[in-house]
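Sequences listed follow chains S and Y, in order. My numbering puts the first sequence at residues 1 to 247. My numbering puts the second sequence at residues 1 to 290.
Incorrect hints may appear among the rest.
Here are some chain S residues pointing at chain Y (derived, C-beta under 8 Å) [claimed, not checked]:
1. 75
2. 78
3. 79
4. 83
5. 85
6. 87
7. 89
8. 93
9. 95
10. 102
11. 103
12. 106
13. 107
14. 167
15. 168
Here are the simulated lysine to aspartate or glutamate pairs, EDC-like style, with alpha carbons at most 20 Å apart [claimed, not checked]:
16. Y/203 / S/228
17. Y/90 / Y/80
18. S/79 / S/98
19. Y/203 / S/76
Each pair of labels, with its calculated beta carbon distance range [claimed, not checked]:
20. Y/279 / S/14: 12 to 22 Å
21. S/57 / Y/281: 45 to 55 Å
22. Y/97 / S/63: 46 to 56 Å
23. S/111 / Y/14: 45 to 55 Å
24. S/241 / Y/120: 35 to 45 Å
Think of the hints as simulated: they come from the structure by calculation, not from any bench. Backbone N, C-alpha and C fix where the C-beta goes; we use that ideal spot for every residue, glycine too.
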Amino acid sequence: MSLLTIEGVWKNFGDHSVLRGIDLEVRSHEVVSLIGASGSGKSTLLRCVNLLETVDDGAIHLDGQEITDPRVNVDDVRKRLGIVFQAFNLFPHMTVLDNVTLAPRRVHGVARAEAEERARELLDRFGLGGKAGSYPDQLSGGQQQRVAIVRALATRPKLILLDEVTSALDPLLVVEVLQVVRELKEAGMTMILATHEMGFCREISDTVCFLDGGVMLEKGPPEKIFTEPEHERTRDFLRAVLDSGRL
Amino acid sequence: MTGRPQPGDEGEGQPWVKSERQHERERTRRSRARRSTSIATASSILFVVLVVVLVTNAPGWPRVREAFFSPEWFVRALPDVASGFLLNIKIFLIAEPLILIVGVLVALARTVKAPAFFPVRALATLYTDIFRGVPTLLVIYLVGFGLPALRLQGIPTDLATLGIIGLTLSYGAYVAEVFRAGIESIHPSQVAAARSLGLSHGKTMRFVVLPQATRRVVPPLLNDFISLQKDTALVATLGLLEALRQAQIIATSKFNYTSYLVASLLFILLTIPMARFTDHLAARTRRRRA
Ligand SMILES: Nc1ncnc2c1ncn2[C@@H]1O[C@H](COP(=O)(O)OP(=O)(O)OP(=O)(O)O)[C@@H](O)[C@H]1O
Ligand SMILES: [Mg+2]
Chain S
1 MSLLTIEGVW KNFGDHSVLR GIDLEVRSHE VVSLIGASGS GKSTLLRCVN LLETVDDGAI
61 HLDGQEITDP RVNVDDVRKR LGIVFQAFNL FPHMTVLDNV TLAPRRVHGV ARAEAEERAR
121 ELLDRFGLGG KAGSYPDQLS GGQQQRVAIV RALATRPKLI LLDEVTSALD PLLVVEVLQV
181 VRELKEAGMT MILATHEMGF CREISDTVCF LDGGVMLEKG PPEKIFTEPE HERTRDFLRA
241 VLDSGRL
Chain Y
1 MTGRPQPGDE GEGQPWVKSE RQHERERTRR SRARRSTSIA TASSILFVVL VVVLVTNAPG
61 WPRVREAFFS PEWFVRALPD VASGFLLNIK IFLIAEPLIL IVGVLVALAR TVKAPAFFPV
121 RALATLYTDI FRGVPTLLVI YLVGFGLPAL RLQGIPTDLA TLGIIGLTLS YGAYVAEVFR
181 AGIESIHPSQ VAAARSLGLS HGKTMRFVVL PQATRRVVPP LLNDFISLQK DTALVATLGL
241 LEALRQAQII ATSKFNYTSY LVASLLFILL TIPMARFTDH LAARTRRRRA
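So here's chain Y without its partners, still in its complex pose:
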């Protein structure tokens, strides 16, 4: 077997010497690329200048600048808002893994066909239907004010914990649907191949379907997580002193809204790395495919 020539073996032949025609082609490509870059730069600058001129010439601009872009208030608000923002990050970091676990489990529960698991499947379906329909803000209200009101033993009363539970319930439903779409996008022949090797349903899911599905759903998942980072601000409604709440306190007591700008910037600073990471992963997947 090994002695036989294999398809794709390198044939004999002259080594490649780049022809004059190819050199000329590459020169043309380079000069075109340079021209596109200059055009892009020029048009971007023009665009920014236009927007700045338009905004700063608006009749209300001096007042807006004072209320939203005050450097002095920026510096004064930064410490409080930033310390509140640490709570946002903490909530995000705890909620994210919980959401992933809930999402995967609910998605898997919906794939189990065994009759004994009917209630589990029905429950999983009901859960996604309900929590995708109810606005996240409402879920947080209901969990944050409703759960403690039950006064049951063992139910947490800590506001941050309740906020995390609310976010997890709401986002878990979305993420479960993302995973389910990923699982269903794996061709049935992959399952047949795994089962024919003797792998059980569970092992087929674990070793064959989920790893492929997860790869496919990473971009939409990261999108959901970017949106979760923003939605950590919703726990402000429970009275938690996170970034938005801190900014609100400053804004309403001092009649200056620069604190909102501070909070916005902090959120952007958090989401940008995530967005770039999503792009990076997508690019890597494309390269792998090529």
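Isolated chain S, as found in the complex:
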């Protein structure tokens, strides 16, 4: 059974339709990538799944529950999801440890000692063992992004949404963050990632979705999308990316 089902989702900003009837299924342990030009609606789709945006039509089901129903408690839904933003969005007034334990303690009611123990475990696992007491502005971009990923993992979400987690980083730091995502896949995490890293996308995804002007133009296994895409638009996009040297 699929963990997440998106059916005919529309999202408008004013009279501009940013998502135009998106359909997508994500099974447990599956890694789904969203690719597409800037402005094609990747971030908006992830924000809709997280209920940071309300959809204007269609429905999203998580674990069989319709989360786009206005009667559901958004905080309950978000407890089961993790999202990592392009700009990290760590809380600057808290140490790394406090950033990571905030949600477990204040939302999930985990005791402080237990939350900190799990946080330290996760930080160690992602090479941040010595940084628990640091403040975000004392870390490199790559370290901050890894903390953001650990923060999203700390509540044991069923699904993680990664929104261009490497696009604010320089190449050397990209490598370390991508390694974290690889490890998550090996651990069986279900993920949806919006990305511009085509090589990585091809390597890690089970399914690749090409978004074009708010339409899910094409989706399929990476070999198919990257070698024999059906649509002219997909070919154009991939060629443009190839020319810019990102494949």
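Based on these hints, arrange chain Y with the ligands on the given structure of chain S.
For chain Y with the ligands alone, coordinates are given in the frame of chain S:
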């Protein structure tokens, strides 16, 4: 993961030995710093001397000195004015936390978007609009003379309490606006990050937005509190025997105004530590950022 070299790891290399050029540079910097200090000292002394010469040579100076700077009257006025000043301090210490509470609550009320809270939001807006517009002195008059006149059960009639209520109402509106500006200065992505972790609006405010906002508004808040320390003198109009009122009594009955100087000095003594504390906090924030 841990075995991989991390960016920012220390590379191998020679330890630093300060070069002769760097020694020379530092000598030049030191001698320049000494020269700036001497120039600053000299110009300050010159300035003070000029002002003193100008004032003491004014034709009315002997009379002013007698009326405002009489050592004898200074000593005689000090006990009464100082004991009145204790009341100012007491009013300040009680009003300050109350103002903070009112300020935070009103600012928070204005951020709640839920429709059920519309009346609360409207009331908070109305409150800040009204009490920022009405002069503090007028608020104190209205509360001090108006409230007891209602003769309602449970309404305090103690003048100090009424004065504190008046100050709280007036300053609460300013402080609410300061907090609101602080809350609005926190980038929406911080709220999105907190909400996406499952924190409710309230918890997002409490753990993420307010702590950051408070840090940002500490300097303007302290400024408001310095001004509150002075404005405790406004309750004199209700007839409370605080420092200004005591000084007034002495001045009008004895025709010597040195008591005003005493009161001024006491207020300055109270506000200076607060001003230095504000500077200290600002400096600490700067160091943290660096
Ligand atoms: N809050 C908003 N208000 C109005 N328009 C918005 C808002 N958020 C996004 N948009 C618009 O929606 C469109 C899709 O934006 P989105 O951020 O989803 O694109 P994206 O595919 O993530 O692009 P990128 O690769 O640059 O991150 C853009 O045209 C953007 O201007
Ligand atoms: Mg985006």
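Results for each hint:
Hint status for residue 75 of chain S relative to chain Y: holds, with the closest Cβ pair at about 5 Å, below 8 Å. Interface restraint check for residue 78 of chain S: the shortest CB-CB distance to chain Y comes to about 4 Å, inside 8 Å, so the restraint holds. The beta carbon of residue 79 of chain S comes within 4 Å of a beta carbon in chain Y, closer than 8 Å, and the hint placing it at the interface holds. Contact between residue 83 of chain S and chain Y, as hinted, is supported at the beta carbon level, the nearest pair being about 5 Å apart and thus within 8 Å.
Interface hint status for residue 85 of chain S: upheld, as the beta-carbon distance to the closest one in chain Y is roughly 7 Å, under 8 Å. Nearest Cβ of chain Y to the Cβ of residue 87 of chain S: about 6 Å, under the 8 Å cut. The hint holds. Given the 8 Å rule on beta carbons, the hint for residue 89 of chain S holds: about 4 Å separates it from the nearest Cβ of chain Y. Evaluation of the residue 93 of chain S hint against chain Y yields a held restraint, the C-beta minimum of about 5 Å falling below 8 Å.
The interface hint given for residue 95 of chain S is violated, since its Cβ lies 13 Å from the closest Cβ of chain Y, which is over the 8 Å cut-off. Taking 8 Å as the C-beta contact cut-off toward chain Y, the hint placing residue 102 of chain S at the interface holds, the least distance being around 6 Å. Taking 8 Å as the C-beta contact cut-off toward chain Y, the hint placing residue 103 of chain S at the interface holds, the least distance being around 4 Å. Look at residue 106 of chain S: its Cβ gets to within about 6 Å of chain Y, closer than 8 Å, so that hint holds up.
Because the smallest distance between the Cβ of residue 107 of chain S and any Cβ of chain Y comes to about 4 Å, under 8 Å, the interface hint for this residue holds. At about 15 Å, the closest approach between the beta carbon of residue 167 of chain S and any beta carbon in chain Y exceeds 8 Å, and the interface hint on this residue is violated. For residue 168 of chain S, the shortest C-beta to C-beta distance to chain Y is roughly 12 Å, which exceeds 8 Å, and the interface hint is violated. The hinted pair formed by residue 203 of chain Y and residue 228 of chain S fails the criterion: a straight-line CA distance of about 49 Å is larger than 20 Å.
Restraint check for residue 90 of chain Y and residue 80 of chain Y: satisfied, since their Cα atoms lie roughly 16 Å apart, inside the 20 Å limit. Taking the CA atoms of residue 79 of chain S and residue 98 of chain S, the gap is near 18 Å; set against the 20 Å cutoff, the hint holds. Distance restraint check for residue 203 of chain Y and residue 76 of chain S: the Cα-Cα separation of roughly 14 Å lies within the 20 Å cut-off, and the hinted pair is therefore satisfied. Distance hint for residue 279 of chain Y and residue 14 of chain S: a CB-CB separation of about 47 Å, inconsistent with the stated range 12 to 22 Å.
At roughly 51 Å, the beta-carbon separation of residue 57 of chain S and residue 281 of chain Y lies within the given 45 to 55 Å, and the hint holds. Range check, residue 97 of chain Y to residue 63 of chain S: Cβ separation about 47 Å, and the 46 to 56 Å hint holds. Between residue 111 of chain S and residue 14 of chain Y, the C-beta spacing of about 50 Å keeps the proposed range 45 to 55 Å intact. At roughly 51 Å, the beta-carbon separation of residue 241 of chain S and residue 120 of chain Y lies outside the given 35 to 45 Å, and the hint is violated.
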